[in-house]
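Number of protein chains: 2
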Amino acid sequence: MGQHCKILDCTIRDGGLVNNWDFSIEFVQDLYNGLSAAGVEYMEIGYKNSPKLLNATEPNPWRFLDDNFLKEIIPEKKFTKLSALVDIGRVDPDDILPREQSVLDMIRVACYIREVDKGLELVQMFHDLGYETSLNIMALSSVPEKKLIEAFELVQNSPVDVVYIVDSFGSLDPADIEHQVKKFKEMIPNKQLGIHTHNNMQLAFANTLAAMKNGVTFLDSSVYGMGRAAGNCHTELLVSYIQKTSYELKPVLGIIEKHMLEMRQNWEWGYIIPYMISGVLNEHPRVAMAYRDSADRDKFVDFYDKVTSPEIALATASK
Amino acid sequence: MGQHCKILDCTIRDGGLVNNWDFSIEFVQDLYNGLSAAGVEYMEIGYKNSPKLLNATEPNPWRFLDDNFLKEIIPEKKFTKLSALVDIGRVDPDDILPREQSVLDMIRVACYIREVDKGLELVQMFHDLGYETSLNIMALSSVPEKKLIEAFELVQNSPVDVVYIVDSFGSLDPADIEHQVKKFKEMIPNKQLGIHTHNNMQLAFANTLAAMKNGVTFLDSSVYGMGRAAGNCHTELLVSYIQKTSYELKPVLGIIEKHMLEMRQNWEWGYIIPYMISGVLNEHPRVAMAYRDSADRDKFVDFYDKVTSPEIALATASK
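Chains as they are written, first to last, in full-length UniProt numbering: chain A, 1 to 319; chain B, 1 to 319.
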């Protein structure tokens, strides 16, 4: 099992949502070299959104990837391919070079179900520029079946290479994943599938295994799980577990030992009770993240009362 | 799903392997009251081994449970039943009162596959004294099928109520659990089944769900996962997840907030890289635990080299 799988490491991109992309160049280079030595197929090195469209006042190289900068950082490509993520309405087409002039190999488009048409327009553009592409459908746990069927009709006629199931809220379990994957496979049999999980209920790895078992080939993960709120499936677990002779665990252990323990001291992600609660309630972690930034951060009973009271539930639903 | 399940919380018993049972009476009482309010069916309040047989030089009330002491601590039973674990060769039959004179409701017998006959002798004795009983077969991931079939023949003729699948090394995945449960159900259809997991690969909760889905009814867990090495399936996850109107999450959150965060600062358990490695290698965590107690505790690459070198592998196998 797993012979045809590809691991896509999101440490920089999703982990940047934890620390506002406060990664040193040394760390990003060590990560790239380590993932290459480990045999990890892809590394998502950040977002390729437009600083202008986001009214950015400060530089943020991993949030606003620049091809010239990337070429300096990674002068020589090794085993691992590079990808970038873009958001609908935040990417400037003029920023995207043809693939042969770029260090990037793949551009992934994140979108909600209501924006699939816009997402696929971007995919078409990146595809025409020569990139591998994916469409990452977020918040899948809240998408009604009818909407998904409509979206699949558009996807089928698109050149997109990979369609991702994204459990943004960390609220799905392995049986849910199996159900979703079977639906995706039935309705878009001509596309490769991907999975992106969050660890709110300690199910990120198990959900990724369930997806793999059911034929998903693109597996997202992060080293030591670094990603927004509860974080992602751990890269070191996938590298250990998947029966593929090309994977080597030691380079990933080296990254954890050299960098991640200290980063975890400075920044917070992982299994933390308010994130567990937002996962159980199938809600965006933003309320829990704000709570963790407040003086009440460890008042779990109080947090649970707030997020399950009718008033708050209404306020959250209206967002 | 889960209507017929019972949660058995092992925080004191398995957690005691982390801190040498350094639990305050207040904590144990808060835990008992919280689990009762949460609707958790059983609490394992410690080991009922014999201090004499273990040559104990110091008192250790949760390791050597005493009925008179327990009656002082828990003068009034609430919803949650109490259980104790014993080990083969470490329990003195004279220490065990008839159930009607004891606060305990259940006695569980831990044994390796080679000692199943001795384990079932103890089970018979506890059963005759009026207790609910279980046989917990440890290190199941290393048991050859033939040995298991022999053990099942003995189990079938025993009055034991519950037979446990114990993933001592945290090395099984949900597919392994499903396979084991199906085998157990087929060969001992007249017994209830239990599951006890460890979280080395972040699969303790997923494995418990896989067991539940396949008909296992006794689910072991610990609050905040407190248990030896990588710890156990988290009680708060089971209470959140299982669709049973009798479970209440808030009392468990209260225990975590009041006690577990501070205990986790003082004692170490959970997903920690050397435990992940011992899980992946299907080995007892003792080598990893010793490493975590040394100055080299965070040298993960070095640890991996040591435990995967042929000499060490031999030394471990001979234990």
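These are calculated hints, taken from the structure and not from any lab test.
A portion of the hints provided could be inaccurate.
It does not matter which identical chain is meant; a pair holds if it fits inside one copy or across any two.
[Stated by the list, open to error] 30 Å max Cα-Cα, derived DSBU-like pairs, lysine-lysine:
id, residue 1, residue 2
1, K52, K299
2, K258, K306
3, K71, K147
4, K6, K306
5, K118, K147
6, K258, K244
7, K147, K182
8, K6, K77
9, K52, K6
10, K182, K213
11, K146, K258
12, K191, K78
13, K146, K52
14, K81, K299
15, K78, K146
16, K299, K71
17, K6, K71
18, K250, K191
19, K213, K185
20, K244, K182
21, K299, K77
22, K118, K299
23, K213, K146
24, K52, K213
25, K183, K213
26, K6, K299
27, K78, K182
28, K81, K147
29, K183, K244
Comparing the hints with the structure gives:
no., hint, verdict
1, K52 / K299, "neither (39 Å within a copy, 44 Å between copies)"
2, K258 / K306, "between (39 Å within a copy, 18 Å between copies)"
3, K71 / K147, "neither (41 Å within a copy, 60 Å between copies)"
4, K6 / K306, "between (41 Å within a copy, 29 Å between copies)"
5, K118 / K147, "within (15 Å within a copy, 60 Å between copies)"
6, K258 / K244, "within (25 Å within a copy, 45 Å between copies)"
7, K147 / K182, "within (17 Å within a copy, 38 Å between copies)"
8, K6 / K77, "within (18 Å within a copy, 54 Å between copies)"
9, K52 / K6, "neither (33 Å within a copy, 56 Å between copies)"
10, K182 / K213, "both (11 Å within a copy, 19 Å between copies)"
11, K146 / K258, "neither (47 Å within a copy, 45 Å between copies)"
12, K191 / K78, "within (27 Å within a copy, 56 Å between copies)"
13, K146 / K52, "neither (36 Å within a copy, 68 Å between copies)"
14, K81 / K299, "between (43 Å within a copy, 29 Å between copies)"
15, K78 / K146, "neither (43 Å within a copy, 48 Å between copies)"
16, K299 / K71, "neither (46 Å within a copy, 32 Å between copies)"
17, K6 / K71, "within (24 Å within a copy, 58 Å between copies)"
18, K250 / K191, "neither (33 Å within a copy, 44 Å between copies)"
19, K213 / K185, "both (13 Å within a copy, 24 Å between copies)"
20, K244 / K182, "both (24 Å within a copy, 28 Å between copies)"
21, K299 / K77, "between (47 Å within a copy, 29 Å between copies)"
22, K118 / K299, "neither (41 Å within a copy, 47 Å between copies)"
23, K213 / K146, "both (26 Å within a copy, 28 Å between copies)"
24, K52 / K213, "neither (42 Å within a copy, 51 Å between copies)"
25, K183 / K213, "both (14 Å within a copy, 21 Å between copies)"
26, K6 / K299, "between (40 Å within a copy, 28 Å between copies)"
27, K78 / K182, "neither (35 Å within a copy, 46 Å between copies)"
28, K81 / K147, "neither (33 Å within a copy, 48 Å between copies)"
29, K183 / K244, "both (27 Å within a copy, 28 Å between copies)"
Violated hints, in rising order: 1, 3, 9, 11, 13, 15, 16, 18, 22, 24, 27, 28; the structure is consistent with all others.
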